[in-house]
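So the chains spell out like this:
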Amino acid sequence: MSLIALRNLTKRYARGVIALDGLTLDLEPGIIGLVGANGAGKSTLLKILLGLLEPTSGEATVMDLDVRNQGTTIRQFVGYMPEYDCLPPDTSATDFVTEMARMSGLPRAAARERTAEVLRHVGLYEERYRAIGGYSTGMKQRVKLAQALVHGPRLLLLDEPTNGLDPAGRDEMLALVRRTGTEFGIAVIVASHLLGEIERVCDFLVAIDAGHLLRAAPLVSFTERTGVLAVEVEEGADALSAALVAHGLQAVADGRTVLLAVNEDRQYDLVRDAIAELGLPLVRLEQRRQSLEDLFRDAVPPGSPMPEMPHPPEPPHAPEPPPAPVAGGAPQ
Amino acid sequence: MNAPTPARGSGGSIYDLGYQGYTGPRLGRRSAVLALFFQTLRACYGIGRGGRAKIPPFALAGLSILPAIVAVGFASLAKQAGGGALGDISPIRYESYHGLVSTLIMFFCAAQAPELFGRDQRYGVLPLYFTRVLTRVDYALARMSGLIAALLIVEITPYVVLFLGRVLVAADPVTGLTDELGQVPHFVLQGILVAGLLGGLASLVAAWTPRRAYATAAIIAVFIIPPIIVGIIGTQTSLDLAREIVLFSPADVLDGTNAALFGSVSDNAVVSAVDLPAWAYVTAAAVGLVASIVLTIRRYLRIAA
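Chains Y and G supply the protein sequences, listed in that same order. Residue 221 in our numbering sits at position 221 of the first sequence; the count goes up by one each step and never skips. Residue 1256 in our numbering sits at position 256 of the second sequence; the count goes up by one each step and never skips.
It is worth saying that the hints were derived from the structure and are not from the lab. Here a beta-carbon is modelled for each residue, glycine too, at the ideal position from N, C-alpha and C. You may find that some hints are simply not true.
[To be verified] Restricting the straight-line Cα-Cα distance to at most 20 Å, the calculated cross-link-like pairs of lysine to any residue (SDA-like) are:
(1) 140/Y <-> 1127/G
(2) 1054/G <-> 140/Y
(3) 1079/G <-> 1189/G
(4) 140/Y <-> 1079/G
(5) 1054/G <-> 89/Y
(6) 1054/G <-> 92/Y
(7) 140/Y <-> 1121/G
[Stated by the list, open to error] Non-contacting residues of chain G with respect to chain Y, defined by C-beta distances greater than 10 Å in every case (computed):
(8) 1099
(9) 1125
(10) 1225
(11) 1237
(12) 1239
(13) 1248
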């Protein structure tokens, strides 16, 4: 079964703003990250998949159902967690989630039972009987996730699920998302502009920018090893890089870190010996992976960087050219 | 796509099942619309909210029944005292009841409609409704009919109390029943027109005015200001002009339908003076209801979610 199929999907807003521009994509079930800067078209895409927005042109199907005329059937099997606040403060989590289950067509008794189950799953216990207005942001995010799960969806669409959470809250939410996707076999699409988070949760990645597809591929292919080794030393980085260059390696010092290209095991020995000879205090040796933002650095025109991620030091050699956007592909 | 096989047996003692997918029945759109209708109806009376939310609706509903209870009480006392005629000269009758409670119905609208229609907009809940099996039109219709049903209860209950009281107080309950039965269609129709027109207009105003305080003020204004204008025009300037515009004043229209349905002379000076035919008022009320439904749906079709 195809989870999502897009053919030339275009969404143009009233004042000529193009949110999606000829997107073609096939996705199969899995935990899918949808990354892009703010305004890249992530939320628009989710809303089209839900039938909240009508596409300007092109086709989109969810679980082989057309978003244009089978929206009601699609929405029966899709859970949606919006980016912004969507909870009435004067209702308890139990009442609200039950209400939402009923709105998905669940019978009353089943709605209550499911509500108790999903609230426990997201980690809300006694406080679920209190009014939502008194909840912390973390608890509110859990309620938002619970209402998306309550009707037992086959596809979960999460729009910035860690919005407004502190680091600990982010970790818990991401673990919850990951667990929901893997243990319960629900397909999940997580939209986020925080690449680091996507990296931790997803196994397939779709990158869009300005309504265009940059790339869709399994996460591993995004973060392949670049063959760059980072050596961090307390002092003497310059001496180390000079020693390594003398041994015929490509190395540059960058602050306390020496970056060098490695492609065979013997080079690790050279690094070890050089450090030992110079008597340098070694902090760490680290394989640098091609990070997600490299993808954007190459694809995004200058002047629109990803604001959330500081750029890592430039590797000593030119980064590999980004693979051409793939218009198909699937996890596994 | 869905296999309605109940997943849970009974009598088991498994303490942690972990998360389970839902495999039970999915009743679809009709069930969701009905659920929203009943949820709205309950919310109109503050059921499922805190205790404070129950005070305004129950106070207004109580006040609207009070005259009927008083009337029945006096009639039964009068009967015991042997003054059977007292019931007939009571000022609290079917045809005068609208005048007694219309303001309360208006306040009910002003208190509850903003809560129903504004809350989901203010707190961003609409996307959650629209991403389920309901359509936008379903949402608007379920909310409106929930409010109208709540108003209908407030509106009709006093008439029913009056009706039952008069039947039981009558010298012979059987003749009393046959005497009173003829009035039932009149007050039922009047109740539907009042609940429909006031509920429809209140929904329309509240749907377009998410801010609660503004919506309350706007609803009161829609019901109170037009009769004042019509009244001034009717008494100070031209009765002909008043005849033209009286049908645009919801409160006057309902005074008109009341007089027309019960065949009485309205105590609304303008309505009795302009002397429009009965069908004009009933048509105006029906048109007002349909227009407010259409415009409320339009609002929800266009609202961003």
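- Among the hints numbered above, which are violated by the structure, and what are their numbers in rising order? Those not satisfied are hints 2, 3, 4 and 9.
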